[in-house]
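S.K.: The chain contents come next:
2 protein chains.
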Amino acid sequence: MSERPWRVVQFGLGPIGVACAIAVLRHPKLELVAAVDQDPGLEGRALGAFLPMDVPSSDVVVAPDLGEALEEGVSADVAIHTTQSRIPQVRSQLEALCQSGLNVVSSCEELLWPRLAAPQDAEALDACAREHGVSIIGSGVNPGFVLDTLALVASAPSVDVKRIDARRVVDAASRRGPLQKKVGAGLSEAEFRGLAAEKRLGHVGLVESLALLAAGLGWSLERTEEKLEPKLADAAIKTEHVDVSAGQVAGIHHTASGWTADGRELHLDLQMYVGAAEPGDEIEIAGNPPIHLKSVGGIAGDTATTSMLINLIPRILEAPPGLRTMLDIGLPRSF
Amino acid sequence: MSERPWRVVQFGLGPIGVACAIAVLRHPKLELVAAVDQDPGLEGRALGAFLPMDVPSSDVVVAPDLGEALEEGVSADVAIHTTQSRIPQVRSQLEALCQSGLNVVSSCEELLWPRLAAPQDAEALDACAREHGVSIIGSGVNPGFVLDTLALVASAPSVDVKRIDARRVVDAASRRGPLQKKVGAGLSEAEFRGLAAEKRLGHVGLVESLALLAAGLGWSLERTEEKLEPKLADAAIKTEHVDVSAGQVAGIHHTASGWTADGRELHLDLQMYVGAAEPGDEIEIAGNPPIHLKSVGGIAGDTATTSMLINLIPRILEAPPGLRTMLDIGLPRSF
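So the sequences go chain by chain: A and B. Going by the numbering used here, the residue at position 50 of the first sequence is 50; the numbering climbs one at a time, nothing skipped. Going by the numbering used here, the residue at position 12 of the second sequence is 12; the numbering climbs one at a time, nothing skipped.
If you are wondering where the hints come from, they were derived from the structure by calculation, not from laboratory data. Be careful, since some hints might not be right.
Cut-off 20 Å, straight-line C-alpha distance, at most; resulting in silico cross-link-like pairs (EDC-like, lysine to aspartate or glutamate) [said to hold, decoys possible]:
1) A:294 <-> B:278
2) A:29 <-> B:160
3) A:294 <-> B:284
4) A:182 <-> A:222
5) B:29 <-> A:160
Based on the sequences and whatever the hints tell you, model everything.
M.R.: If you want it as structure tokens, here you go:
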């Protein structure tokens, strides 16, 4: 492990980005050297001014773009990239980071298994990263951990695996406002179905988790199926961010399944809704031996995504250049 | 993934070795090309003769040593090595495997974190593997998975980890005879303490799990403590292999703990005894966020170790030459 702290650029200052900046400032082996966000309301503001009191102080000032952030000779090892969910939205941001010689850990959900949604962008990003001698990885807790990486690692002591079921239940009431909106809390069922058809709500990354699982197992999926259904509220529920009446949408029930030609199956089941009584994660592997793991009380979403991004920094710094996935870095772990 | 099956030498035909040979014969991407065991009772016997009826047939004949196994131009990619627990006992076997150009996946418990028990042997093995362009790894389910690798991966979505507790309870009655003996089932407490003092019983590998965990987290342990206590039977219990009266030893309660200078802690707790009512595994991580994982019903020991060794074959074949650990191969997973 390096003697000096690794220097980090925080790219994107939404809720996850701010949480990452805080985690960097608190980490003894990381140093925050720059922060970028395109929101004009943030430009030029001292980052410290909008962080909690107990966070170590920082003299970083928010820059509107990467060029400005790095212009006075700031050098850095890695960027934590937390902006959007789709690869086409973030490709130019990631290329700019690579061109500045920065390795990248990103929360972009599609980047978990980039060849699925955007194979040409993925190829271009891989080439760009190699050209500049840096590595990029996309991850988080979901996608990135509970329904894919953890399920793969859980399969390590089992052979002849016929089926994996991974389930996650999240109480959206415990999560940030944008996430409660993203799962449709407070909509009517009709509104939900309309927005779902336009892909304007729901969770991004479930099919990427499925693809990562399949690739990790060496399975070729002959058929896949994705379903997004509303989870309706049995009773009224009110959170800090939303009011849901009984019968309105409380959140999502999102599933993705895949089948191989020789009858093996993968099933991912994600429920994210306000008022979920028993949040938790569960992985069942039908293999030899069978494996059944549970997380007691669940793995807290936003904090876990932030921590995952932080913990991937040493892994991406040691990875060979290119666009990487959770399959080809060293063992993910806290640092 | 390679098109042709990988060719495997099974080195050692004790219970785990035979189980590995069976798993290789059953695996569509593996081919068993040789089997070695020094037991004169096995030499020259057709392996198929002592395998269950439902295992695909094999014309492999047991050879007394590696030279004889490979002498008629048999070439192989990897050896599964399942003989002894201590590095000095197996060093020359591993060197011979490397010199024959074979990558090695071994169940030798001390090899999980080889620098702990035998740093000089580890250095020599690393040099030998590099010289011959092959890789070696030691793993299994315990050590190798439940109390170390899984605990590390479980920590990936958490930062500021202060403490990890990993506990495993195994019902030794469900395990092979040698393991029931190894945990002292049927001894008096005095006999147990005598043999324990001579290190003639107990589990090998718990301190290696502790060292792997610490290294994986980047922690330097200032102090460690290992304890081996007998677990006494409350009531008489009889297995296929042993009779235990009430008050006699049913098995072991083995713990290993470590503390860093800045107050972080690791605690491993292993109970292996006949009649354990609730076998299972549990990992608790005090970090941000906290993580609490349980395996429902436990992860079956011998089968899981066999499967783990099989599943490490693709990982060790793609690893750079040298003596490797679970920290520096790709994501462990079923294949």
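S.K.: Hint by hint, note whether the structure agrees.
M.R.: Status of each hint after checking the structure:
{"no.": "1", "hint": "A:294 <-> B:278", "in the structure": "16 Å, holds"}
{"no.": "2", "hint": "A:29 <-> B:160", "in the structure": "11 Å, holds"}
{"no.": "3", "hint": "A:294 <-> B:284", "in the structure": "12 Å, holds"}
{"no.": "4", "hint": "A:182 <-> A:222", "in the structure": "30 Å, violated"}
{"no.": "5", "hint": "B:29 <-> A:160", "in the structure": "11 Å, holds"}
Hint violations for this structure: number 4 only, all remaining hints satisfied.
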